[in-house]
Every structure is written in structure tokens, then in C-alpha cells.
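Protein chains: 2
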Amino acid sequence: MDVTVVGSVALDTVETPSGRIQDALGGAATFFALAASNYVPVHMVAVVGEDFPEEHLNLMKRRPINLEGLQRARGRTFRWSGRYHQDLNVRDTLDTQLNVFEHFHPELPPAARSAKYLFLGNIHPALQLEVFEQTGATFVGLDTMNIWIEGAPDTLKEVLRRVNAIIINDAELRQLTGEHNLIKGARQLQKLGPSIVVLKKGEHGCLLFAGHEVFSAPAYPMPEVVDPTGAGDSFAGGFMGYLAGHDMTDTATLRQAVIHGSVLASFTCERFGTERLAEIGPQDIAARYQAFRDLATF
Amino acid sequence: MDVTVVGSVALDTVETPSGRIQDALGGAATFFALAASNYVPVHMVAVVGEDFPEEHLNLMKRRPINLEGLQRARGRTFRWSGRYHQDLNVRDTLDTQLNVFEHFHPELPPAARSAKYLFLGNIHPALQLEVFEQTGATFVGLDTMNIWIEGAPDTLKEVLRRVNAIIINDAELRQLTGEHNLIKGARQLQKLGPSIVVLKKGEHGCLLFAGHEVFSAPAYPMPEVVDPTGAGDSFAGGFMGYLAGHDMTDTATLRQAVIHGSVLASFTCERFGTERLAEIGPQDIAARYQAFRDLATF
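Respectively, the protein sequence lines represent chains A and B. Numbering (the working numbering) for the first sequence: 1 to 298. Numbering (the working numbering) for the second sequence: 1 to 298.
Pulled out of the complex, with its shape left as it was, chain A reads as follows (with noise of 0.2 Å):
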């Protein structure tokens, strides 16, 4: 099955205690895209200006990603800056530059249109919104932030009742919920609407809640974290295609495709940008599911 991915294209300077990339392709589709293409073709609808780089285009294009729905509009690509701290936990946002981001709206071709599987990635939850009115999707991703849930609550409430699955961490789930005790923010969650809450909680890994389960799944032990740009866009990629791959969404499946999300969450932070993503097969990713076994066997 296919997955649909609508959200941000950006060119990405970024600084780490590791070093430093100056507009790299980034972006929360490219990372979500790069990441479920192992697993299933995706459609992707972003928007990137008159700037935008032939050779990311091409990267793409080499993996089963469809940029039917990647419009190209007047003037320059989005761009973020960011420098991280000594604890990569912690960063500043140094600039930020909408451009072409600014007027977007998000439009589904056909492809996009019939996929089953959907991700809103962290945009305007009324952008969000538009999506359903374009889409045949019967299970749908979200991601939001810090901004909206306190910017535009109201609609993110109406978005959070038409997706099936939420993907958080645990600032924004104690923000949108107002409880600090993740498990109790978590059931809260549930009633606004999502069955399936996927907590990440970092270098501590995630805790899944789907209907009154929990699973927790261990985060990948790494002696150094060299740029943790998108392993959360990363992490849904791997998430949404696992599923969409198996085309079930059941307890079981959801356990195996949040480990397949922390699996390539994993590799984005081992270098910077994309990187590590752009390079890594099925035999690294089935390695690496293996090392989160052996992590969590006892």
C-alpha cells in the first residue's frame, strides 16, 4: 500500500558540537519520504521554490518517492537554521525563513489522493485540515508542535479528532494535555481522538498506547549523536511505511513499526542531514531491528 506524506521541503543549515551544514536538503517530508520509501512508494505534497537544487530532486528520484505532488512555486525554498547544545536535547531556532512555505497550500494529485495511508506532517493544523477534503486515506499519521498546540488549539482539536494515530513527544503531550505524568497525558490524548499514541522521549526511546496497551521500545545506544535533525520525521517514515507495508494495524504490527521507526531514526542521527538516510538498504535496517531485539531481550 501506498503512504502519503504532506509537509515541509527545506534547505537546512544546521550546527552541532560535531560541525556544521549549510543548505542541506531537509525538511519534514524529505526526511518522512526518504525514510518510508524503504518499505512502500510514497507521495509526496511540499512545496519548494525557484532555488531548489536538481540533485536533491534527483535523490528522490532514484527511491519510490513521487514528486507529483512537490509544486514548485515562485521565489526561495524554505530555509531553517538551528545550533544544537553540548546535550543535543536543546537547540536554538537561529533563523527561520518561510519563502515559498508561506502561501502554501497542499494539493493531491490523484496517486496521493488514493493512497490508503496519510501522514500530516507538522504544518498549520488548517492546513491539516485541508488534506482531508483531498484525501481516501483510512489511516491517518499526525505530527504537530509546540506552536500550534499553543497558537491554534482549536483546530488542532478538530485534526485531532479526525486521525488515527499521533506521533508526540513528551513537551508537547505534557503542553496539548497539561498533565505531567505521561502515562495518564497519554490516555487524555486518546479521548481527544487518536487510538494509537506514539510517545518519543528521545535518547530514552518511546512508549506506544494503542487502545489500553502500552509497549516500550528502547532507544539505540549511541556513544555519539552527530545531528538529530529529522529522526523524528525519520522515525514516522519508518512507522507509516511498516505499517503500510504490511497493510495491518494491529498491536503486534504497531510494536514492529515503532522499533522500524526508531531504526531509522537511528541512522538519520549518525550523520548530517539525510546524509546516513539517503544511503542505507534493507540489510542495514534488518541489522539493525536485530540490535533492538538483542537490546530489549530478556
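Treat each hint with caution, since some may be false.
[What the hints assert, rightly or not] Facing chain A, according to a computed beta carbon distance under 7 Å, are these residues of chain B, among others: (1) 59; (2) 214; (3) 259.
Simulated from the structure, these hints should not be mistaken for laboratory data. Predicted, not measured: the structure shown is a model, and the values here were computed from it. Using N, Cα and C, we set each Cβ at its ideal position, and we do this for glycine too.
Chain A is already provided as a structure; the job is to place chain B on it using the hints.
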């Protein structure tokens, strides 16, 4: 195989968002002994004052806890008082009265000396060193805390060289090694002596480093933590007790021991002080062990 624990016995006054207890049975050696006595006979080496209630002694005597090494000194029992925040990871110490604990020197009776498994609870590293002169133990576990890491680093390093395992939390590991990345920090700590590092991460579970192996154990999902006091000591008791019970320290047994530690810690958090820990039995432990398996299986 028996296990010996050296540490504190205290009367705790604790306030959490769930309520308050006054002068309740507490102390590292207490929680450890109650937990470990589910698996093996425990020899407790500690000190109490003249005011120590007989009922607390009786509670311990009903279990295979040998109190020969429990000194009764002139004066009042060690008292600790603390208040937990809404975020139960944060607590303020309101009052510490060392009382008879101030002049405590561990003295191991013959049975305690001959135990093959020894746990050095969180006391001054100089006192921990004194225990080495009195023991024939071949497997030694260690706990410590921020005040010794800061106040007696050289003595602590001498202790570290002589132990097999250390149980430490993330903040202490960072303080002791100066390394923010927990994986790197654990590897550094192994080089200081203990080949086994058990890294406690509270609500995020724990990591076991044993030689080159890493094992990630989940935390039990608790919608309500009533009182986390003694959770770490209960963990240590479950961990050491399980190892002593099987008289094995291979990595498979170590992984199971970490889960048993987590099981005992989770029970402790369910009620104030030792209330819950004192009432559980083999069936409770087996059921929760299975819950951990369900939580981690994929």
C-alpha cells in the same frame, strides 16, 4: 546464596502530591532487605537508636532478614524528611538528623561476612571501604550519591576499583564522569572498576551495561506514583536478591535481575514508604514480571 547489605535504617517523614507520612520505616538497607528477602536470606548491617519501634523490627523478623548486624546505639534513630514536587523526579530535603548514624561503623557478624553477595548501600565511601576488610563476598554491588561524588571523590574511586557492579542514576553518572552522553559515561565508569553498570533513569526505565553488552529495560507505566522514596533501594534489593538466588551473574541472569529490580521498585512507588513492599509475595512478583515482558515484547 545469602546477601549482605550495609546501609541506613531511618525514620522518614515524606510529603508527596498524594499525601504525607511521619516517622515511617525507611532507609536504604530497609528497602533493600525487604526487596531482596523475596529471593534469599538477607543479613542487614546498620544502626538504629533507642527510639526505634519494635513493630518495625518485627516486620523484618517475619521475613528471612537476619538482624544480628543491626546495632542498637544510644540516642535517636537517623531521621530524614523530604517533600516531592508535582514532578516526582524533584524533591527537597527538608531535614536530616544523622543522630546515631553519625558515628556508625559497620561491623559484620560471622554470617554476614560469609555471604557471597554483598551490597554497599549509599553511605560514606570510607565506611564502604571498611566493609571490604570484613567480607569474603565475591560479588559486590555499590550505590552512592551526589554528596560523596562531590565530597569524597578519591575514596569513592578506591571503592569503585573493588566492586563488580554499580547502580547509579543518570544525574549521578553525569556528575561522576563529566560526560553528558549516558552511553559514553557508562563506558567510562566501567573503566574505573565495575564491569557492570546499571543506569537508572526513573520513569524511563534503566540500562544495563555488562562488559560490551547493553540491555534496555522499560519502566512500568504508572499513572500515579504515590511515593518514590526507596524505589532505588528496592531496585537494588530485587537485582542483588535475584542474582544471589540464582548464584549466577552471566548476562542473561543480569538482564532478568534488572527486570526483577524494576518490578520491586514499581511496587514500592505504589504506596507510601514500605507499605506496599512489605505486603507483596511471589505471585505479585511473577505477575508483574510478566507485565514487563508484555510491555517489552515485539
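Here is what the structure says about each hint:
Annotation: residue 59 (chain B) was flagged as interfacial toward chain A, and the flag is violated, the nearest CB pair being 30 Å apart, outside 7 Å. Among the interface hints, the one on residue 214 (chain B) holds; its C-beta lies about 5 Å from the nearest C-beta in chain A, closer than the 7 Å criterion. Look at residue 259 (chain B): its Cβ gets to within about 6 Å of chain A, closer than 7 Å, so that hint holds up.
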